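A.B. asks: Under mature numbering (1 follows the signal peptide of the UniProt record, and there is no 0), residues -19 to -1, 1 to 340 are what the sequence shown spells out, in order.
By construction, these hints were calculated from the structure, which means they are not laboratory data. On a predicted model such as this, the values are computed, not experimentally measured, just so you know. Heads up, some of the hints might be wrong.
In silico lysine to aspartate or glutamate, EDC-like type, Cα no more than 16 angstroms apart, as pairs [claimed, not checked]: (1) K104 <-> D166; (2) K206 <-> D143; (3) K93 <-> E75; (4) K167 <-> D190; (5) K93 <-> D79; (6) K104 <-> D190; (7) K219 <-> E182; (8) K108 <-> E146; (9) K108 <-> E86; (10) K212 <-> D189; (11) K104 <-> E86; (12) K167 <-> D189; (13) K206 <-> D190; (14) K219 <-> D141; (15) K167 <-> E200; (16) K108 <-> D43; (17) K206 <-> E178; (18) K212 <-> E86; (19) K219 <-> E119; (20) K206 <-> E146; (21) K165 <-> D143; (22) K177 <-> E86; (23) K170 <-> E182; (24) K212 <-> E146; (25) K206 <-> D141; (26) K219 <-> D189; (27) K93 <-> E119; (28) K108 <-> E119; (29) K219 <-> D190; (30) K108 <-> D15; (31) K212 <-> D79; (32) K104 <-> D79; (33) K165 <-> D127; (34) K139 <-> D166.
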Amino acid sequence: MKKSISLFAALLVAVGTLAVSGCATSHDEDPIVDLSSFYLRGNMNNWANDSLDDGKMTANADGSYSIVYTAKAAIDEFAIANSGWSVKYCNGTEVAPDGTGVSLESGGGNAKVTGQTPGNSYKMTVKPSSTSVSVKVELAGSNVPDFYILDTETGMNKMDYDGTEYSYTFTASGTSESLVVWSKDKYYKGTVAYAKENPTEATLTANDDVSTVVVNTLEANLPVKLILTVKDSTVSAKAQIAIPDHFKVVMTFKDCTTEKVSFNSNISWGGVKAGKWSVDETVFDNAAKEANLVGGKLTFYVSKDYDVSSTWVAAQAPEGANFKFEATVGSGTADGGLWYKLPLDQDTVEITYYDDQIK
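All chains, full assembly: derive it from the sequences and hints.
C.D. replies: In structure tokens form, the structure reads like this:
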């Protein structure tokens, strides 16, 4: 995906008030989980003293509540409290507007949202637990910058944004990809090392001239998700497998007394198209792909793109089965294998493999 600077240049041508109420240090009533009668009460909305509706939060499907407010100052004090202040969550905790969840205990001093830009809109999301609430704050509305992947064939591709991260999914054409990332008249440059899980973030630099973000350590035909995060003025990137297109299979081994079990050439895939699956070799401790199964786990990924009509294993597989796992102990023979069906409505499949299944 190598793009010339001239082509992209042409593409771009085309296209602080004091609180009168707050958290006291006196004894609170027992906290409750239901937050339907609780409000955001803080400096940003005059502590909801003018009207409780100013702090009314909207219930979300996941059990959380959210509200969008306008920052009055760089630091706004607040509490999550009921109408009479008999129960409030604050406890002097500081919350940064970067989407990181922070736990607020009941009582104590006012909580604070720090590092805000006065006049900007922020979204606060509150999720209850038995004795506390989790609060996260992030930019909202027009204050959230848009990021694009620029391509001479498909134009400006807006990255998806979930309130915390930007993402863009692509299929690798080789061992590396060069992506043009653009936002607010700036190009971003950096090198990102792909990893199936827990990838390392790399800091990107903003440039006036056309630049690229290079994603390396890839494999051809691999579905990859590029993820961007923005904190203050720092833009970071990481790249990992696009899990929605793949199953992550985690095999946990219970009561295994065998020291080593070899998996080399003993994973048969029912109808998986060539080149669409891979074993994560980081779980193996040597080139022979031997895994220590004493309390160990085997993790691998397999595509959801199946076609069993013309594969040799189709006739052997039970109806609906997707793959067979065989274990070979030492110099012995394979155990005949266990067939598994991968549910299409899940991204992660957990399987327990017991010692008596390894012959």
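A.B. asks: State for each hint whether it applies.
C.D. replies: Hint by hint, here is what the structure shows:
no., hint, verdict
1, K104 <-> D166, "violated (26 angstroms)"
2, K206 <-> D143, "holds (14 angstroms)"
3, K93 <-> E75, "holds (5 angstroms)"
4, K167 <-> D190, "holds (8 angstroms)"
5, K93 <-> D79, "holds (14 angstroms)"
6, K104 <-> D190, "violated (33 angstroms)"
7, K219 <-> E182, "holds (5 angstroms)"
8, K108 <-> E146, "violated (19 angstroms)"
9, K108 <-> E86, "holds (12 angstroms)"
10, K212 <-> D189, "violated (20 angstroms)"
11, K104 <-> E86, "violated (20 angstroms)"
12, K167 <-> D189, "holds (5 angstroms)"
13, K206 <-> D190, "violated (25 angstroms)"
14, K219 <-> D141, "holds (15 angstroms)"
15, K167 <-> E200, "violated (29 angstroms)"
16, K108 <-> D43, "holds (9 angstroms)"
17, K206 <-> E178, "holds (11 angstroms)"
18, K212 <-> E86, "violated (26 angstroms)"
19, K219 <-> E119, "violated (20 angstroms)"
20, K206 <-> E146, "holds (11 angstroms)"
21, K165 <-> D143, "violated (19 angstroms)"
22, K177 <-> E86, "violated (36 angstroms)"
23, K170 <-> E182, "holds (13 angstroms)"
24, K212 <-> E146, "holds (10 angstroms)"
25, K206 <-> D141, "holds (11 angstroms)"
26, K219 <-> D189, "violated (22 angstroms)"
27, K93 <-> E119, "holds (14 angstroms)"
28, K108 <-> E119, "holds (15 angstroms)"
29, K219 <-> D190, "violated (22 angstroms)"
30, K108 <-> D15, "holds (10 angstroms)"
31, K212 <-> D79, "holds (6 angstroms)"
32, K104 <-> D79, "holds (10 angstroms)"
33, K165 <-> D127, "holds (8 angstroms)"
34, K139 <-> D166, "holds (14 angstroms)"
Consistency with the previously given hints fails for numbers 1, 6, 8, 10, 11, 13, 15, 18, 19, 21, 22, 26, 29, ordered from lowest to highest.
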